[in-house]
Amino acid sequence: MNIIVCIKQVPETTEVRINPETNTLIREGVKSIVNPFDAYAIEEGVRLKEKYGGKTTVITMGPPQADAVLREAVSMGIDEGILISDRAFAGSDTWATSYTLSAAIRKIGAFDLIICGKQASDGDTAQVGPGISAHLDIPQVTYVKKIEDIKDNLARVERMTEEGYEIIEIPLPALITVVKEINNPRLPSLKGMMRAKSAKIAHYKASDIEAKEDCLGLNGSPTQVVKIFTPAPRIGGQILKGDTPEIVEKLAKELKPEIH
Amino acid sequence: MPIQIIIEKCTGCTLCVKACPFDAIRVTDQPGGRKAVIDLNKCNLCGACVPNCKFKAILLEKPQAQIKTDFKDHKGVWVFAEQKKGKVQSVAFELLGKARELAKALDTDVSAVLLGENLEEEIQELIWRGADKVYVVEKRELANFQDEPYTKVLVELIKKYKPEVLLCGATSIGRSLISRVAVNIKVGLTADCTGLDIDPQRKILLQTRPAFGGNIMATIISPNYRPQMATVRHKVFPESVSDMKRKGKIIREDINPDALANRCRLLDIVDEIESTVNLSEADIIVSGGRGMGGPENFKILEELAKVMNAAVGASRAAVDAGWMPYSHQVGQTGRTVSPKVYIACGISGQIQHLVGMQSSKIIVAINKDPDAPIFKVATYGIVADLFEIVPALTKRFKEILK
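Heads up: the sequence lines are chains A and B, in that order.
Taking this note's numbering, I'd label the letters of the first sequence as residues 1 to 260.
Taking this note's numbering, I'd label the letters of the second sequence as residues 1001 to 1402.
Hints listed in this document are in silico derivations from the structure and should not be mistaken for laboratory results.
Backbone N, C-alpha and C fix where the C-beta goes; we use that ideal spot for every residue, glycine too.
It is possible that some hints are incorrect.
Here are the simulated lysine to aspartate or glutamate pairs, EDC-like style, with alpha carbons at most 20 Å apart [to be verified]:
1. B/K1398 with A/E249
2. A/K146 with B/D1271
3. A/K250 with B/D1385
4. A/K227 with B/D1320
5. B/K1042 with A/E163
6. B/K1395 with A/E163
7. B/K1306 with A/E254
8. A/K145 with A/E163
9. B/K1306 with A/E258
10. A/K145 with B/D1385
11. B/K1160 with B/D1073
12. B/K1306 with B/E1253
Which chain B residues stay away from chain A? Per the calculated CB distances, all over 10 Å, these [what the hints assert, rightly or not]:
13. I1005
14. N1118
15. K1133
16. I1198
17. Y1225
18. D1283
19. K1306
20. Q1329
21. E1388
22. I1400
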């Protein structure tokens, strides 16, 4: 089975803090990491290869330094990494990003399954995974929490919903996005880390993926960001003091209007 | 070069450095003094620096490709009315309320789109809740949401009737469906909006959404494409009120059978009823963290939840310890919720938890540790033993809610 895992390099959100004086983001020393949701996609790709055999490829679109997240995926057991990087991709929104990734996947060639994390922790859109499958015109299942079985080119998966889950049968080639419940990502092994260090990461530029120029970067992006601002941080209110009955009485009085 | 610093104007003041969400600008010593330099490998051309520069020293070239600017043939604000088991979900009523405001500003009307099977009563409700028109496609193949047929049917309706704006809930259905639709018809889509307005001059949709886990907000437009599409976070806008005097037009569409083709097969729908109310629908959530001490203690939260008609949530720590199922997890890797009341019991308030609940209207925090970060966001903080407060609260609510 040929598996392609799509990942993104993101800033470690926990370290993004607001400077109360300037009301701007403090970015000094913010680390770049593999999008937390993509770790589950990487792990699932590696597990499927262990179970069914085949080859795993990890791809990312980003600046040259995104090479680091590809190597991290290789250290977890992925076979090969491809960096999709070009100035022509700058300013891509989710439409252009999913177009670019789908063009790169076409260039890679035959695949059975594409796995993405459910969303990235910086943009939080959850749009790129379904966007890729739409560009490639393949079936998709989002929010997969379990792959029950893959047999005769049919995967049976569980899709998480607000109320529980659905069981869906999906023919390959297909795309799935995965949630945290699907697995526990492994830590890189020493051997994996050694391999990652020396692994050859392929580099696709715009000219390599036979992409239409007007579908790339800013020109290919229907949406434009017109304003970025920091919301007023939520400010703590009051501490309720007293003994238990007093506290409970105060709280009950405040909450009662909200309860129906 | 799509973005550049006009060296003559730059004073090296570093305002742009602070404004950049991508850490792409540095001020360095150059022949003409201290000047800003943009690292094009990091720059995402978002433009956040441009308005922050007091000296108009940053030039960002916006795309010139104005493919189309005349959209007179696109009219109306549409709401995708998500249904499950034949019942329209409340997020659709929230969207109808907002759609009416937008339609007023655009001087147009509001339509709901409803796909499914046996939906007669629901059609009427959509009209009472604010739809001037309801487009209905009733087919057995559409009874339950499935990505492919829903995408194709919605794409056909959009192509035929050309709405100006399309809103959809940012739910597990909406986020899957609309992303596919947006690619197929090549239009812009903004995810998970918490604010929607019409620009009074340009008459375009201003879509505001949180990013970086709510640490920053972005306003996004899609001026050169129609419809302008957005998914909208549940529980942000109030539901429209049902008015049984409202009249509307019902348009039943017979759809090309090819559009109903589906490569996937839905084998089963499993509802997990671990708590009385589902988290994303709940107006009140009682949530427990590491301070609960063990799975057996969640019983006291369930008792309080039952009295308050609330759902039970959990922090990542409680889920990772195996005390509660993942479906209850609130936070970055779990669900984002914004109930009217969120009661955090024994939750310290790590940033990953806060990003999943800090838009709640009222936050109550009960924790023994007075330095717990949760108190920084709590409307009401209680520094005490939750095992004393929670049962007492349950008892008190039992009395007053009789």
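Exercise for review: Return the numbers of the hints above that this structure violates; sort them in rising order.
Suggested key: 4, 5, 6, 10, 12, 17, 18, 20, 21 and 22
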